[in-house]
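Residue numbers (our numbering), protein chains in the order written: chain A, 1 to 429; chain B, 1 to 429; chain C, 1 to 429; chain D, 1 to 429.
If you're looking for bench data, these hints aren't it; they were derived computationally from the structure.
All values derive from a computational prediction rather than experimental measurement.
Cβ atoms here follow ideal geometry from the backbone N, Cα and C, with glycine treated the same way.
Treat the hints with caution; some may be incorrect.
[To be verified] Distance windows between CB atoms, simulated:
1. B:93 x A:347: 24 to 30 Å
2. B:24 x A:166: 27 to 33 Å
3. A:41 x C:21: 50 to 56 Å
4. D:106 x C:283: 18 to 24 Å
5. B:129 x D:427: 40 to 46 Å
6. D:199 x B:129: 21 to 27 Å
7. B:28 x A:199: 57 to 63 Å
8. B:93 x A:199: 18 to 24 Å
9. C:143 x D:253: 38 to 44 Å
10. A:68 x B:413: 53 to 59 Å
11. B:125 x A:256: 48 to 54 Å
12. D:17 x B:93: 39 to 45 Å
13. C:168 x A:239: 49 to 55 Å
14. A:239 x B:105: 32 to 38 Å
[Said to hold, decoys possible] Computed far set for chain C versus chain A, every beta-carbon distance over 10 Å:
15. 59
16. 67
17. 180
18. 212
19. 247
20. 248
21. 262
22. 266
23. 367
24. 384
[As the list claims (entries may be wrong)] Partner residues aside, some chain C positions facing chain A, computed with beta carbon under 8 Å:
25. 81
26. 85
27. 364
One letter stands for each residue in the lines below.
4 protein chains.
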Amino acid sequence: MPTADTRVRTDLVDEYLRVRSITEWLAEPLGAEDQTVQSMADVSPTKWHRAHVTWFFEAFVLVPYAPGYRAYDADFEYLFNSYYEAVGPRHPRAERGLVSRPSVGEIMAYRQVVDDAMVAFLDAGVAEEVAALVELGLHHEQQHQELLLMDIKHVLSCNPTRVAYRPPAIPAAPSTFAATPMRWADFDGGLVEIGDDGVGFAYDNEGPRHRVWLEPYRLADRLVTCGEWLEFMSDGGYERPELWLSDGWAAVQQHGWRAPLYWRRGDLDRGGIDSPWSRFGLTGPRPVDPAEPVVHVSHYEADAFATWAGARLPTEAEWEHGVVASGVGGDVSHRLAWHPRAAGASDSALRQVVGEVWQWTASPYVAYPGFRPAAGAIGEYNGKFMSNQMVLRGGACITPEGHTRATYRNFFPPGARWAFSGVRLAADR
Amino acid sequence: MPTADTRVRTDLVDEYLRVRSITEWLAEPLGAEDQTVQSMADVSPTKWHRAHVTWFFEAFVLVPYAPGYRAYDADFEYLFNSYYEAVGPRHPRAERGLVSRPSVGEIMAYRQVVDDAMVAFLDAGVAEEVAALVELGLHHEQQHQELLLMDIKHVLSCNPTRVAYRPPAIPAAPSTFAATPMRWADFDGGLVEIGDDGVGFAYDNEGPRHRVWLEPYRLADRLVTCGEWLEFMSDGGYERPELWLSDGWAAVQQHGWRAPLYWRRGDLDRGGIDSPWSRFGLTGPRPVDPAEPVVHVSHYEADAFATWAGARLPTEAEWEHGVVASGVGGDVSHRLAWHPRAAGASDSALRQVVGEVWQWTASPYVAYPGFRPAAGAIGEYNGKFMSNQMVLRGGACITPEGHTRATYRNFFPPGARWAFSGVRLAADR
Amino acid sequence: MPTADTRVRTDLVDEYLRVRSITEWLAEPLGAEDQTVQSMADVSPTKWHRAHVTWFFEAFVLVPYAPGYRAYDADFEYLFNSYYEAVGPRHPRAERGLVSRPSVGEIMAYRQVVDDAMVAFLDAGVAEEVAALVELGLHHEQQHQELLLMDIKHVLSCNPTRVAYRPPAIPAAPSTFAATPMRWADFDGGLVEIGDDGVGFAYDNEGPRHRVWLEPYRLADRLVTCGEWLEFMSDGGYERPELWLSDGWAAVQQHGWRAPLYWRRGDLDRGGIDSPWSRFGLTGPRPVDPAEPVVHVSHYEADAFATWAGARLPTEAEWEHGVVASGVGGDVSHRLAWHPRAAGASDSALRQVVGEVWQWTASPYVAYPGFRPAAGAIGEYNGKFMSNQMVLRGGACITPEGHTRATYRNFFPPGARWAFSGVRLAADR
Amino acid sequence: MPTADTRVRTDLVDEYLRVRSITEWLAEPLGAEDQTVQSMADVSPTKWHRAHVTWFFEAFVLVPYAPGYRAYDADFEYLFNSYYEAVGPRHPRAERGLVSRPSVGEIMAYRQVVDDAMVAFLDAGVAEEVAALVELGLHHEQQHQELLLMDIKHVLSCNPTRVAYRPPAIPAAPSTFAATPMRWADFDGGLVEIGDDGVGFAYDNEGPRHRVWLEPYRLADRLVTCGEWLEFMSDGGYERPELWLSDGWAAVQQHGWRAPLYWRRGDLDRGGIDSPWSRFGLTGPRPVDPAEPVVHVSHYEADAFATWAGARLPTEAEWEHGVVASGVGGDVSHRLAWHPRAAGASDSALRQVVGEVWQWTASPYVAYPGFRPAAGAIGEYNGKFMSNQMVLRGGACITPEGHTRATYRNFFPPGARWAFSGVRLAADR
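Working from the sequences, and respecting the hints, build out all of it.
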C-alpha cells in the first residue's frame with residue numbers, strides 16, 4: 001500500500017508499457033540470426049539491446065527497491081551490464097557477438113518476467129526517487145531503440161545481399177522537389193543562456209543552465225544535401241589534405257574513405273534519379289537522391305566539407321541558442337521513419353532542425369560549468385565519456401519522441417559514421 | 001537414360017542421403033543463434049558449414065554436369081566458396097559470422113533443392129569421373145561434420161554459461177579404471193612403404209605410395225593422459241623455456257597458456273574425481289579425469305611434453321608403419337562420441353589408435369615424393385596448404401566413419417588447439 | 001641593396017644566430033648514436049630536429065625569397081618536411097629512426113650552408129613579410145629545442161643503463177623545504193577577454209582576442225607535488241575506475257600505468273629522501289622528491305587526480321584570466337633547467353606559473369571564435385591539429401624564453417606523457 | 001701453464017684473431033649512425049652484432065673457464081644475449097635499435113678487453129672441451145658476419161638516397177655473357193647417406209649422419225636467373241593464385257609483393273643493360289641484369305616460380321646427395337663479394353653450388369633421426385628453431401669461408417626475403 005512517501009503513478013505504468021512495446025516492435029522484423037550478429041566493436045546485437053535495457057530496470061530498480069525480488073539469472077548481470085564499473089565485472093563489449101545463449105526466446109522470457117515485476121511494483125506506488133530512476137530507465141531504453149536501429153543497419157549492410165530491415169511505410173519515390181536553396185539565418189549572439197532549466201526530464205549532462213558569450217553568427221537554414229556532397233566529392237574533397245584536420249586526413253588514408261558510409265558506386269537501377277551512386281538504408285539500397293540530406297558522415301568529413309564550402313560547423317551553444325531564438329526548438333513529434341527527407345519549403349528561419357539527422361557541432365563534448373555527475377553507478381551514465389567525442393545536436397529520423405529537445409547533447413567520436421549524422425553549416429557574420 | 005559411359009549407382013544415392021542426413025542430425029540441437037556465431041577466425045558458423053558443403057555439390061557436380069541445372073542463388077557462390085581461388089571471388093573467411101542472411105531456414109531450403117537435384121541426377125546414372133566427384137563431395141561433407149563439431153564446441157565455450165551441445169548418450173561417470181600403464185611397442189624400421197595404395201577412396205595427399213627408410217623406433221602403446229599432463233604442469237611445464245621450441249615458447253607468452261584449451265581452474269563439483277581443474281566438453285563442463293587422454297593441446301605443447309618426458313613425437317611414417325605392422329590400422333567404426341575415453345586393457349600392441357584423439361606427429365605437412373595435385377579447382381583441395389602445418393594421425397571421437405584409415409593425413413598449424421588433438425609418444429631404440 | 005620595401009634587421013641576424021647556436025649547444029652532449037634513435041613514433045631523432053628546423057628556413061625563406069639560392073639536396077625536402085602536405089610528399093614520421101644518412105656530420109654541414117645563406121640574405125635587408133617568416137622560423141626552432149629535450153629524455157630512458165643527458169648545473173640536493181601548503185586564489189570571473197592582443201609575436205592559434213563568460217572560480221596557488229601524487233597512488237588512484245574518464249581507464253588497463261612516466265620502483269640509494277620510487281630525469285635517475293611538482297602525467301591522470309582531490313582542472317580561459325589578473329603572467333625568463341623545482345614561499349597569488357611544468361587544462365584544443373589559419377603551407381602550422389588534443393598552459397623548465405607568455409596554447413593528446421606536463425587544480429567557488 | 005689436459009693451440013689464437021679482425025673490417029665503412037639503426041625486427045644493428053659475438057666468448061668461455069675473469073659490464077649480459085633463455089633475461093629483440101648506449105666506441109673498447117683476455121687465456125693452453133667452445137664461438141661470429149651484411153643491406157636500403165655499403169672491388173660492368181642454358185643433372189637416388197660424418201667442424205643440426213631413400217631425380221645445373229624471373233613476372237606470376245601455396249598467396253596480398261626484395265621500377269640509367277628494373281645492392285643501386293641469379297626471394301616465391309616452371313624445389317637430401325655425388329661439394333673458398341654473379345660455362349654437372357646464393361629447398365627444418373641438442377645453454381643454438389622454417393643449402397656471395405660445406409643447413413621462415421636466397425630447380429625423373 002502506498003505510504004505518504006510513495007505515489008501510484010499510473011502514467012508511469014502506461015509509459016513503461018508503451019516504451020517497452022516499441023522496443024519489441026522494432027525487433028519484430030529480425031530473425032534470431034539478425035539479432036545475434038555484432039558487425040563491429042561499436043555495434044551491439046539486437047538481442048543484447050533487448051536484454052540490456054531490461055537488466056537496467058532489474059539492477060537499478062527491482063533489485064534495490066522491489067521487496068523480495070531476486071535477480072533472474074546471475075549470468076545476466078555479467079552479460080548485460082554495458083559499462084557500469086561500479087556494478088561489477090562485465091562481458092567484454094567486443095565479444096557480445098560471440099554469445100549465442102541466452103537465445104532470443106530466453107531473452108523474451110526475461111523481458112516478460114521483469115515487465116511483470118515492474119508493473120506490480122509500480123502499481124504498488126513508488127517514491128519520487130524511484131520514479132525518477134524508472135523515468136531514466138525509459139529514456140535509456142529509448143536511446144537504445146535508436147542504437148538498435150543504427151546497429152542493425154550496419155549488420156544488414158554486411159550481408160552481400162543488402163536486405164531491407166523493413167519496407168518503407170510509403171512507396172519509395174524520388175523526392176518531388178529539388179533541394180531548395182540554402183539561406184542564412186542571422187543571430188546577434190551576446191551573453192546568452194543555454195542548458196537544461198530543470199523543467200521536465202533531462203540528462204545530467206544538459207545542465208546546469210549557464211551563460212555563454214556568443215559573437216554574431218549565422219546558421220544555414222537547412223541541412224547539407226547529397227547533391228552538395230557529390231559536388232564536394234567531384235571537387236576532390238576526399239583527395240585534398242588542405243581541407244582536413246590532421247586526424248581526419250589520417251582517417252581518410254587509413255580507411256580509404258571516398259564517400260559517406262553506406263554509399264556504393266553503381267549496381268542499381270536508378271529509379272529516375274540521376275546518380276551513379278547508391279546508398280544502403282533500412283528499407284534497402286536506393287539511388288542517392290541529391291535533394292536528401294547527407295547522412296552517415298564523420299565529424300572529420302563534416303569539418304572538411306565546411307572548410308571546402310568556406311564555412312564552418314556551429315558550436316553547440318550557437319546551435320541551441322539559434323534554435324531556441326527561432327522558436328523552432330523544444331520537442332517535436334518523432335517519426336521513427338527510416339531515412340532523412342529532403343527539406344520542403346517553409347517560412348521558418350531554420351528548417352530540418354530535428355527529425356532528419358543529428359548535426360555535428362564544432363564543440364568537443366565537455367562538462368558545462370558547475371556540472372556534477374549523479375552519485376553511484378548512475379553517475380557513470382554521461383560524465384565519464386567527456387573525452388575525445390564531439391557534440392551533435394538535433395535528432396534523427398530514427399530518434400524516439402522526447403529525445404529531440406533543444407538542450408539534448410548527443411556525442412560520438414569524431415571518426416564515427418554509423419550514427420545518423422549529417423551537417424548544418426555556420427559562419428561568422 | 002544411362003549411356004554406355006554412365007552407370008546408375010544406387011549405392012551412391014544411398015550414401016549421399018546417409019551422409020547428408022548426418023549433417024542435419026548434428027545441427028539439430030543448435031538454435032539459429034548458435035548456428036550464426038563465428039567465435040574466432042578459424043571457426044565457421046554451423047549454418048555456413050551446412051551451406052558450404054551443399055555449394056560444393058552444386059559448384060562441382062550440378063552446375064557442370066547436370067543438364068539444365070541453374071545455380072540456386074548467385075550470392076551463394078560468393079558466400080559459400082571456402083577457398084577455391086580458381087572458382088572466383090569469395091567472402092572473407094574472418095567475416096563469416098557477420099552474415100545473418102541467408103537464415104538457417106533459407107539454408108535448409110537450399111539444401112533441399114540441391115538434394116532433390118542430386119538424387120534426380122544420380123538416379124539417371126553418372127560417369128565414373130562424376131561419381132568420383134560425388135564421392136569426394138561426400139568425404140568433404142564428412143570432414144565438415146568434424147569441423148562443425150570442433151567449431152561449435154568453441155562457440156559454446158564462449159558462452160559464460162558453458163552450455164552443453166548434447167547430453168551424453170550414457171550417464172557421465174568417472175572412468176572406472178585408472179590409466180593403465182604405458183608400454184613401448186618396438187619396431188625395427190628399415191626400408192618401408194607408406195601411403196595410399198590406390199584401393200578404395202583416399203585424398204590426393206595420401207599418395208603416391210612410396211619408400212621411406214626408418215631407423216629402429218618405439219611407439220607408446222596408449223595416449224598421454226590428463227593425469228600425466230597434470231604432472232607436466234606441476235613440474236613447471238609451462239614455465240620452463242628449455243622444454244619448448246622457440247615459436248612455442250613465444251606462443252606460451254603471447255597467449256598465456258597454462259593448461260590445455262578448455263581447461264579452467266575450479267568452479268565445479270568434483271563428481272568423485274580428484275581434480276581441481278574442469279574442462280569444457282560437448283556435453284558441458286566436467287572435472288578433468290586423470291585417466292582420460294589429454295586433448296586440445298597444440299603441437300608446441302605436445303612437443304614440449306615429449307621433451308619433458310624424455311621422449312619425442314613420432315614421425316608420420318613411423319606412426320603409419322607401426323600401426324599397419326601392428327595390425328591395428330585400416331578403418332575402424334567411428335563413434336561420433338563427444339569426448340575421448342580412457343584406455344582399457346588390451347592385448348594389442350597399440351591401443352587408442354583411432355576414435356579418441358588426433359595424434360600430433362613430428363612431421364611437417366609436405367608433399368610425398370611424386371605428388372601431383374588434381375587439375376582444376378579440385379586441385380586446391382590439399383596441396384596448397386603444404387606450408388607451416390604439422391601432420392596429425394589417427395582420428396578422434398568425433399571423426400566420421402571412413403576418415404580413420406591408416407594413411408589419412410590430417411594437418412593443422414602447430415599453434416592450433418581447437419581440433420581434438422592429443423599426444424602419443426615415440427622414442428629411438 | 002635594401003630597397004624602400006626592405007630593411008636591414010641586424011637584430012634579426014643576431015637573434016637568428018643566437019637561437020641557432022642554442023640548438024647546437026643542446027645537441028653537444030649527444031653522440032651520433034643518441035642522435036639517430038627514434039624510441040617511439042612520437043619521438044624524432046635529434047639529428048632530424050636539427051635538419052628539420054634548418055629545412056624550414058630553406059623551404060619557406062631561402063628558396064622562395066633569396067635570389068639564386070638552390071635547395072641544398074633534393075632528398076632533404078622529402079626527409080625533413082614534418083607535416084606540410086602542401087609542400088609535397090614526405091618521409092613517414094614513424095620511420096625517422098630508420099634513416100642513418102645523412103649522418104650527423106652531413107647535417108652539420110647542411111646547417112652551416114643554410115646559416116651562411118641566411119646571414120647573407122638577412123644582411124641584405126628583407127621585407128616585413130619575410131622578416132615575419134624568419135621570426136616564425138626562429139620560434140619554430142625554439143619549439144623544436146623543447147621537443148628535442150623531451151625526445152632525447154625518452155630515448156635515453158630506453159637505455160638499460162639510464163644514462164644522464166647532462167650533469168646538473170648545480171649539485172643535486174634534496175629540496176631544503178617541504179612542499180609549502182597549497183592555497184586557493186579566488187577569481188570573480190564574469191565577461192573577460194583572453195587571447196593575443198596583436199602586440200609582439202604570437203602564433204595564429206592564440207587569437208583572435210575575444211570575450212568569454214566565466215563563473216566565479218579558484219586556482220591552486222601552486223602545482224600538485226610528487227608527495228600528493230604518492231598519496232593518490234596509495235589511495236588506489238590507479239585501481240579505481242570511478243575516478244577516471246572512460247578513455248583514461250582504458251589507457252590505464254592497456255598500458256599498465258601505475259605511476260607517472262619515468263617512475264620506477266626502488267633500485268636507487270635514497271640520498272636522504274624518503275621515497276621507494278625513483279624517477280628518470282635529464283640528469284639521470286634520482287629518488288622521487290615529494291616536494292617537487294609531479295611531471296610526465298597524461299591528461300587522463302591529471303583529470304583522475306583532480307577528481308580524487310575533489311577538485312577539477314581549470315579551463316584555459318580560467319587559467320589565462322587568473323594569471324593575468326594576478327599580475328604574474330606575460331613572459332618570464334626561461335631556465336633551460338632540466339627538472340621542475342619545488343615551490344618556494346612567495347607572496348604572489350599564484351606560484352609556479354611558468355618555468356616548471358606545462359599545466360593540463362580541461363579545455364580541448366579548438367579554434368577561438370573568428371580564427372582563420374594563415375594562407376599557404378604555413379597555415380598548416382596549428383589549425384589542422386585542432387582535434388583530439390587538450391590545451392596545456394604555462395611553460396616548463398625546458399621551455400625556451402619567449403614561449404611562456406600567458407596566451408600561449410600548448411597542446412597534446414590526452415594520453416601523452418612524454419611532455420613536461422603536470423597539474424594545477426581548480427574549483428568552483 | 002698447460003696441464004696434461006690442456007694444449008696450447010696457436011692455430012686457435014691465429015684463427016681467433018683472423019675471424020675477429022674480419023668483423024672489424026666489415027664494420028669499417030659504417031658510421032655510428034649506420035651501426036645503430038634496426039630497420040625491422042629481424043634486423044640487428046651492426047654495433048649489436050659486434051657486441052653480441054664478443055659477449056658469446058665472454059659468457060661461454062671467459063666467465064666459466066678463465067681464472068679471475070670478471071664480466072666487463074653487468075648490463076651487457078642483458079643487452080647482448082640474443083636468445084639463450086638458460087642464461088637469463090635479455091633485452092627484447094625488436095628494441096635493439098632503441099639502445100644508443102653503449103656507443104660504437106664503447107663497444108670497440110669491450111671487444112679489445114675481451115680479445116686481450118681471450119688471447120692470454122688461449123696462450124696458456126686450453127682443454128679440448130674449451131677449444132671446441134672457442135671454435136663454436138668463431139663459427140658463430142662468422143655467421144654473424146653474414147647476418148651483419150644482410151642486415152646492413154636492409155638498413156641502407158631504407159635511406160631514400162640508397163647509399164652503397166662499399167664500392168665494388170672491380171668496376172661494375174654488365175656481365176659479358178648471357179645466361180648460359182640450364183641443363184638437368186640426373187641422379188638415381190636409392191638408399192643414400194647424408195649429414196655430418198664427424199670429421200671437421202659441424203653444427204649439431206648437421207648430424208647424425210643417416211640413411212634416406214631417394215627416388216630418381218634431377219637438379220638444374222645452374223641457378224634461376226633474373227631474366228627467368230622477369231618472364232615469370234610478365235606471365236602474371238604475382239597475380240595467379242593457382243601458382244602459390246595458400247600462405248604464400250596471403251603474403252603476396254598482405255605485403256604487396258610484385259618483384260623480389262630490393263627491386264624497384266625505373267629511376268636508373270640502364271648502363272647498357274636492357275631492364276626497366278633496378279635492384280639495390282651493397283654497392284648501391286644497379287639495373288637488374290638478366291644473366292645474374294635472382295636473389296632475395298622468399299620460399300613462397302621460389303615455390304611459386306618452380307610451379308610455374310613445371311618443376312619443383314629439391315629436398316635437402318636431394319641437394320646434398322646430388323652435390324656430393326657430383327664431386328662439387330665440400331668447402332670452397334668464400335668470396336665476401338657483394339652480389340651473386342652470372343653462371344659461366346663449365347664442364348661440371350652442377351654450377352653455382354656455393355658462393356652465389358642460398359638455395360631454398362622443399363624441406364622444412366626438422367631434426368635428423370637421432371638428433372640430440374647439446375647440453376646447457378649451447379644446446380639452444382639450433383634445435384629450438386626447428387619449427388616453421390625451411391632449409392636452404394649452398395652458400396652465398398657474402399658467406400664466410402668454412403660455412404659452405406655440403407652438409408650445412410641454413411634455415412629461414414618461408415616468408416623471409418632479406419637473406420641472400422635464390423632458387424635451384426629440381427624435378428622427378
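Hint by hint, here is what the structure shows:
1. Here the CB-CB span from residue 93 (chain B) to residue 347 (chain A) is close to 57 Å, at odds with the stated 24 to 30 Å.
2. Take residue 24 (chain B) and residue 166 (chain A): their Cβ atoms lie about 32 Å apart, and the range 27 to 33 Å holds.
3. Between residue 41 (chain A) and residue 21 (chain C), the C-beta spacing of about 52 Å keeps the proposed range 50 to 56 Å intact.
4. Checking the proposed 18 to 24 Å range against residue 106 (chain D) and residue 283 (chain C) shows it holds: the Cβ atoms sit about 20 Å from each other.
5. The hint said 40 to 46 Å for the Cβ distance between residue 129 (chain B) and residue 427 (chain D), and at roughly 28 Å that hint is violated.
6. Checked against the given bound of 21 to 27 Å, the beta carbons of residue 199 (chain D) and residue 129 (chain B), roughly 56 Å apart, lie outside it.
7. Distance hint check: the CB atoms of residue 28 (chain B) and residue 199 (chain A) are about 58 Å apart, consistent with the given range 57 to 63 Å.
8. Hint check: residue 93 (chain B) to residue 199 (chain A), Cβ distance near 55 Å, so the stated range 18 to 24 Å is violated.
9. Distance hint check: the CB atoms of residue 143 (chain C) and residue 253 (chain D) are about 42 Å apart, consistent with the given range 38 to 44 Å.
10. In this structure the hint that residue 68 (chain A) and residue 413 (chain B) lie 53 to 59 Å apart at CB holds, the actual value being about 54 Å.
11. Between residue 125 (chain B) and residue 256 (chain A) the Cβ separation comes to about 52 Å, which falls inside the hinted range of 48 to 54 Å.
12. Checked against the hint of 39 to 45 Å, the C-beta distance between residue 17 (chain D) and residue 93 (chain B) comes to roughly 57 Å, which is inconsistent with it.
13. Look at residue 168 (chain C) against residue 239 (chain A): about 52 Å separates their beta carbons, and that is inside 49 to 55 Å.
14. Between residue 239 (chain A) and residue 105 (chain B), the C-beta spacing of about 46 Å breaks the proposed range 32 to 38 Å.
15. Non-interface call for residue 59 (chain C) relative to chain A: holds, since the shortest CB-CB distance, roughly 17 Å, exceeds 10 Å.
16. With a least CB separation of 29 Å from chain A, residue 67 (chain C) remains clear of the 10 Å interface cut-off, as annotated.
17. For residue 180 (chain C), the shortest C-beta to C-beta distance to chain A comes to about 29 Å, beyond the 10 Å cut-off, and the non-interface label holds.
18. With 10 Å as the threshold on Cβ separation, the claim that residue 212 (chain C) sits away from chain A is violated: the shortest Cβ distance comes to roughly 6 Å.
19. With a least CB separation of 5 Å from chain A, residue 247 (chain C) falls inside the 10 Å interface cut-off, contrary to its annotation.
20. Not every Cβ of chain A is farther than 10 Å from the Cβ of residue 248 (chain C); the closest lies at roughly 7 Å, contradicting the non-interface assignment.
21. No Cβ of chain A comes within 10 Å of the Cβ of residue 262 (chain C); the nearest lies about 24 Å off, and the non-interface call holds.
22. Distance check on residue 266 (chain C): its Cβ is at least 31 Å (rounded) from any Cβ of chain A, clearing the 10 Å threshold; non-interface status holds.
23. The beta carbon of residue 367 (chain C) sits about 8 Å from the closest Cβ of chain A, which is not more than 10 Å, so the claim that it is off the interface is violated.
24. Distance check on residue 384 (chain C): its Cβ comes as close as 4 Å (rounded) to a Cβ of chain A, failing to clear the 10 Å threshold; non-interface status is violated.
25. Among the interface hints, the one on residue 81 (chain C) is violated; its C-beta lies about 13 Å from the nearest C-beta in chain A, farther than the 8 Å criterion.
26. Interface restraint check: residue 85 (chain C) against chain A, minimum CB-CB distance 4 Å, threshold 8 Å, status holds.
27. Given the 8 Å rule on beta carbons, the hint for residue 364 (chain C) holds: about 4 Å separates it from the nearest Cβ of chain A.
Hints 1, 5, 6, 8, 12, 14, 18, 19, 20, 23, 24, 25, counting from the list given before, are not met by this structure.
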